[in-house]
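Participant: Letter by letter, the chains look like this.
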Amino acid sequence: MKTPRASRLAAVITICVSGALGLSACGSGFASPSANESSDAGSGPISVLIASSGDAEATAVKAAVADWSKTSGTEASVNVASDLIQQLSQGFASGKPADVFYLSPDQLSGYASNGSLEPYADSLANKGDFQPSLTRAFTFDGKFYCAPKDSSTLSLVINNDLWQAAGLTDADIPATWDELEATAKKLTSGNTVGLSFSPEVARVAAFFPQAGGSLLSSDGKTATVNSTENVKALTFVKKMLTDGSAKFSSDLGAGWGGEAFGKQLSAMTIEGNWISGALSKDFPSIKYRTVELPAGPKGKGTLQFTNCWGIAADSKNKPAAKALVEQLTGTQTQMTFAKAFGVMPSVISAESEFRKEFPEQEASIAGVEYAQTLPSQPGAADVLKDFNAKLATLQTSDPKAILDAIQAEMTATLSK
Amino acid sequence: MATLISDTPDTTAPASPVPGKSRRQRQGKFIWLAYVVLISLAMVYIFPFLINLATSFKTEPDAASDPLSLFPATWSTLAYEKLFLNSDFPLWFGNSVVVTVLVTCGRVFFDLLAGYALARVPFRGRSVIFAGVVAVMAVPGVVLLIPKFLVINQLGLYDSYAGMIIPLMADAAGVFIMKNFFESIPASVEEQARIDGAGTFRTFWSVVLPMCMPAVMTIVILSFQGSWNELSHFIVAAQSPELTTLTKGVAQLSSGQLSAGTQYPLKLAAAAIMTVPVAIVFFIFQKKIMNSTAGALKE
Amino acid sequence: MNTLTRSTHSSGTRGSGTRGNHNATGWLFTAPVLIILGLFLVLPVIMAAWVSISDWTGRGSPFAAGTQFVGAKNFEAVISGGGLAERDFGTALRNNLYYVVLVVPLQTIASLFLAVLVNSRVLKGKGFFRTAFYFPSVTSSVAITVLWLFLFSATGAVNKFLSLLGITGPNWFQEPAGIMHLLAQSVGIDSPPPAMESGTFLGVSWWDWLSGPSVAMSAFILMAIFTTSGTFMLLFIAALQNLQGELEEAAMLDGAGVWQRFWYVTLPMLRPTLFTVITLGLIGSWQVFDQIYTGTEGGPAKTTVTPAYLSFSTAFNNQQWGQGAAIAFLLFAIIIVFTVIQRVLLRESDSVPRRKRMNPKPSRGRSLWPR
Chain A
25 MKTPRASRLA AVITICVSGA LGLSACGSGF ASPSANESSD AGSGPISVLI
75 ASSGDAEATA VKAAVADWSK TSGTEASVNV ASDLIQQLSQ GFASGKPADV
125 FYLSPDQLSG YASNGSLEPY ADSLANKGDF QPSLTRAFTF DGKFYCAPKD
175 SSTLSLVINN DLWQAAGLTD ADIPATWDEL EATAKKLTSG NTVGLSFSPE
225 VARVAAFFPQ AGGSLLSSDG KTATVNSTEN VKALTFVKKM LTDGSAKFSS
275 DLGAGWGGEA FGKQLSAMTI EGNWISGALS KDFPSIKYRT VELPAGPKGK
325 GTLQFTNCWG IAADSKNKPA AKALVEQLTG TQTQMTFAKA FGVMPSVISA
375 ESEFRKEFPE QEASIAGVEY AQTLPSQPGA ADVLKDFNAK LATLQTSDPK
425 AILDAIQAEM TATLSK
Chain B
245 MATLISDTPD TTAPASPVPG KSRRQRQGKF IWLAYVVLIS LAMVYIFPFL
295 INLATSFKTE PDAASDPLSL FPATWSTLAY EKLFLNSDFP LWFGNSVVVT
345 VLVTCGRVFF DLLAGYALAR VPFRGRSVIF AGVVAVMAVP GVVLLIPKFL
395 VINQLGLYDS YAGMIIPLMA DAAGVFIMKN FFESIPASVE EQARIDGAGT
445 FRTFWSVVLP MCMPAVMTIV ILSFQGSWNE LSHFIVAAQS PELTTLTKGV
495 AQLSSGQLSA GTQYPLKLAA AAIMTVPVAI VFFIFQKKIM NSTAGALKE
Chain C
123 MNTLTRSTHS SGTRGSGTRG NHNATGWLFT APVLIILGLF LVLPVIMAAW
173 VSISDWTGRG SPFAAGTQFV GAKNFEAVIS GGGLAERDFG TALRNNLYYV
223 VLVVPLQTIA SLFLAVLVNS RVLKGKGFFR TAFYFPSVTS SVAITVLWLF
273 LFSATGAVNK FLSLLGITGP NWFQEPAGIM HLLAQSVGID SPPPAMESGT
323 FLGVSWWDWL SGPSVAMSAF ILMAIFTTSG TFMLLFIAAL QNLQGELEEA
373 AMLDGAGVWQ RFWYVTLPML RPTLFTVITL GLIGSWQVFD QIYTGTEGGP
423 AKTTVTPAYL SFSTAFNNQQ WGQGAAIAFL LFAIIIVFTV IQRVLLRESD
473 SVPRRKRMNP KPSRGRSLWP R
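Residue numbers (the working numbering), protein chains in the order written: chain A, 25 to 440; chain B, 245 to 543; chain C, 123 to 493.
Note that these hints are calculated values from the structure, not bench results.
The beta carbon of each residue, even a glycine, is placed where N, CA and C say it ideally should be.
Treat the hints with caution; some may be incorrect.
Covered by chain A, per the in silico footprint, the following chain C stretches (three or more residues, Cβ under 8 Å) [claimed, not checked]:
id	stretch
1	266-279
2	295-309
3	438-452
Straight line, CA to CA, 35 Å or less: simulated DSBU-like cross-link-like pairs of lysine-lysine [unchecked claim]:
id	chain 1	residue 1	chain 2	residue 2
4	A	K94	A	K305
5	A	K414	C	K195
6	A	K409	A	K245
7	A	K210	C	K282
8	C	K246	B	K273
9	C	K282	B	K326
10	B	K326	A	K363
Modelling step: build the complete structure from the supplied sequences, incorporating the hints.
Facilitator: Quick look at the structure:
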């Protein structure tokens, strides 16, 4: 009776003791707190943290970083974040951030103002080569913080087969809101709606400039969210949603516009350049084309998106980090990225080559000319998140009421 | 349904005074009804897990078009292949195993020691410590998310196995259970050992410990489940992909990335696999616990 | 307690030297637990208290020189700031309040119902049913949430089942409309009366306070009942078995119908367990985090944001560490208030003479397990 008990106990204890030993070994390895030296002449390996749109992007970035590592002799590793913002925040708070990372404009002000970011981009050799709108997006308090890594604009993506099946031709490509509505209606049948996009301001706000509106005044100091132009645009979006020719991707059971489009739940979607990589990976059989978004009453309009390569102020090896960014934003590397996952280069020197290489991306390139960017002032990200939340109920709400509420929030945020 | 508990067994049931309708007949009807209700309820509780398993073997279009069927139109192991051959899933699994084993060992050992001391060793400050343990039990875990991150970070344990494991290695509830258990077994055996000249630790080791395997098993099971299923602590204690556990990995897989799409078969395969270890432990130990409890009751 | 006196007695017989020995042993044995609980439970609370009244921005140590004392500013922003922070907190409170108000009674009733059914003496296959009902409780909240996301997706199993009955199900986790609002709509009230629109509490209009849980939150409510009823069922079964003798006695009473017996005899006897279950339910259902993190991240339209998740995302995603810590303390206060109310009620119930035939109370750990 006693023997099996005793031996079981012995087994438990053996596991525990060996475990505890292993643990203390691990513990001692990590427990030494890192000295927070911010000397610029650092050394040591570089860690890169990215948020990937898919395998293609991750693979391309890894290859580019490995290339640099080989030529520079500095060790470098790439990690794909599952939740980039949270991982960055924890990294900064713990004093052990990644050296180089993706950073979106709306996160810039927060991290810049608490000193987490190294404002390095002013001293880059290729500083003058970046598109001016992108340089502006990453300038805070007069300092050019980080190098834009690429850019994307929203366009209208059309499923060729469904287009033809509805009896539409090239001449029917919508150039105005009325035409957009008409074609969407023609494309709506059975389980497929004409147009679908994510219920977020990063898609819906593309209609604002088409009506002549914007979220902020041109100097970025005043909120113009509830302007009559914006009300007109949002009312148009609501109309399309309520008459059934357009639907939010979430209402179709899809995670984003690209998924609804790929699953042929919608014949058209509004998405950025990244959709090409996602479609070729997940839905390779879909034939599609991208065209410019239709013009509204006040002309064309779209949104531009970008990320930059941030460098942490706590990085142990800033010179190497900077050298890596210079290479990653170089014309050559950017063209490689463009081929791998569809983004547009952020540097002017790569533009002509990109046009030549990707004639089908003409719509996105054209969009750069007249694109707006979303507000990135401190606190604006929260307001936009609330905007997204309110857009989810657009179908049953008053567009003016939504915009009024966001206007109040945006004004409060800007005056802080 | 309420009838059933208070109904006496057939043999002792007095015949109903109502003529023509015996109590036995009425009871038979109720039992029949009870079975119907119970079986349909059990279906509600079990069916989701069967769907989970079935869907993990479906193709994505199949999962979307026929979500209710328990038999995939075409059997596909694609989800499992992707999980094991083409993702960090094995790493997450390994991390969960390491963390769970170490946390469970730590809890058993520390809770045993503390529970024994609080129940049997009359030392100064005992009541204060016990009151403290009870008070700590009342602190809701979710409230500690931010503070735990701050402390782990301040101690230099952030983003390490140590930071993930050590904070979970003692739990107030476990101490409480152990203390109660020691108080429920007679002290006479130990007294005998002590009279024979054994010291406190020796008494604890060779006399007390073998007696308390049932309670140890309870702690093992509770802490195994607790640490295998733990999510929030791992979110705040680490960030490296190499330190991701199953719960964290699957949660972040679920909240999704741009091109990831819905991928239900993949996610459900992950959910199925992470359920397997707790299910096994549950089914094995449930019997053991029942036996030991039954044994304890007979004494 | 009698073991205590016994062992004290035995130590007394062994002379005064053992007293110091006992002190050393006692502290040595409890030291690991004390250190871990102190470091990772008590110290964090103190540190968070400092962060909640500071302007720490999340870089480096909160005790470093640059961090300033800001008084109650973070708390003010959350409960009376008039801005987004206040509205978010109000929304999170509303969401969780409906969750608590629905989950606690429903899970208690469900678990009691299951326990009474399963505990029936003449029933065969008790073990199977007990296992079936208890199994959801042992699986992780992450796995269950993933499963739930599938079951309640637009084309998921639940909607498929509803369509077999001729009902078109909603797109559960994407539907932000509140249940009460939907009910109001079905009787023709589409827009709120102006008075309810203008008046606000914590930045949320009265109309929105009365929205009820959103359809998305309702799916989480069903999930909570599904996963917790098994655990609480075991508590009730243990209690019912302890009371078996008394219940049989009661069954002998003539003239009383089965329902009456349950209502007037069984239920009052179960009162202590009922209180335990309700307390645990209250505490647990104010702490919804895992499901939200895994499932909706607060969406759609913030209708599944809970204070716990809001506290986390305010700190970790928005770098508002002070506000995040403040929300955590407010949540703590809410839970304490509920627990205290419950304690007071429990004390009252204890004074009811019920333990005329005291059965040995099973230990906490064992009572969780079926016999």
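Participant: Please go over all the hints and tell whether each is borne out by the structure.
Facilitator: Hints and how they fare:
A count of 3 residues in the stretch 266-279 of chain C with a Cβ less than 8 Å from any Cβ of chain A is obtained; the coverage claim is therefore met, three being the minimum. A stretch counts as covered by a chain when three or more of its residues have a beta carbon under 8 Å from one of that chain; for the stretch 295-309 of chain C and chain A the count is 3, and the coverage holds. Interface restraint, the stretch 438-452 of chain C with chain A: holds (5 residues with C-beta to C-beta distance below 8 Å; minimum three). Straight-line distance between C-alpha atoms of A:K94 and A:K305 comes to about 29 Å, which keeps the hinted pair within the 35 Å bound.
Among the hinted pairs, A:K414 with C:K195 is consistent with the structure: their alpha-carbon atoms are about 28 Å apart, no more than 35 Å. Between A:K409 and A:K245 the alpha-carbon distance is near 20 Å, which keeps this suggested pair within the 35 Å criterion. The straight-line distance between the Cα atoms of A:K210 and C:K282 is roughly 29 Å, inside the 35 Å bound, and the hint therefore holds. Among the hinted pairs, C:K246 with B:K273 is consistent with the structure: their alpha-carbon atoms are about 15 Å apart, no more than 35 Å.
At most 35 Å may separate the alpha-carbon atoms for a hinted pair to count; C:K282 and B:K326 meet this at roughly 28 Å. The suggested pairing of B:K326 with A:K363 holds, with an alpha-carbon distance near 25 Å, which does not exceed 35 Å.
In this structure, every one of the numbered hints holds.
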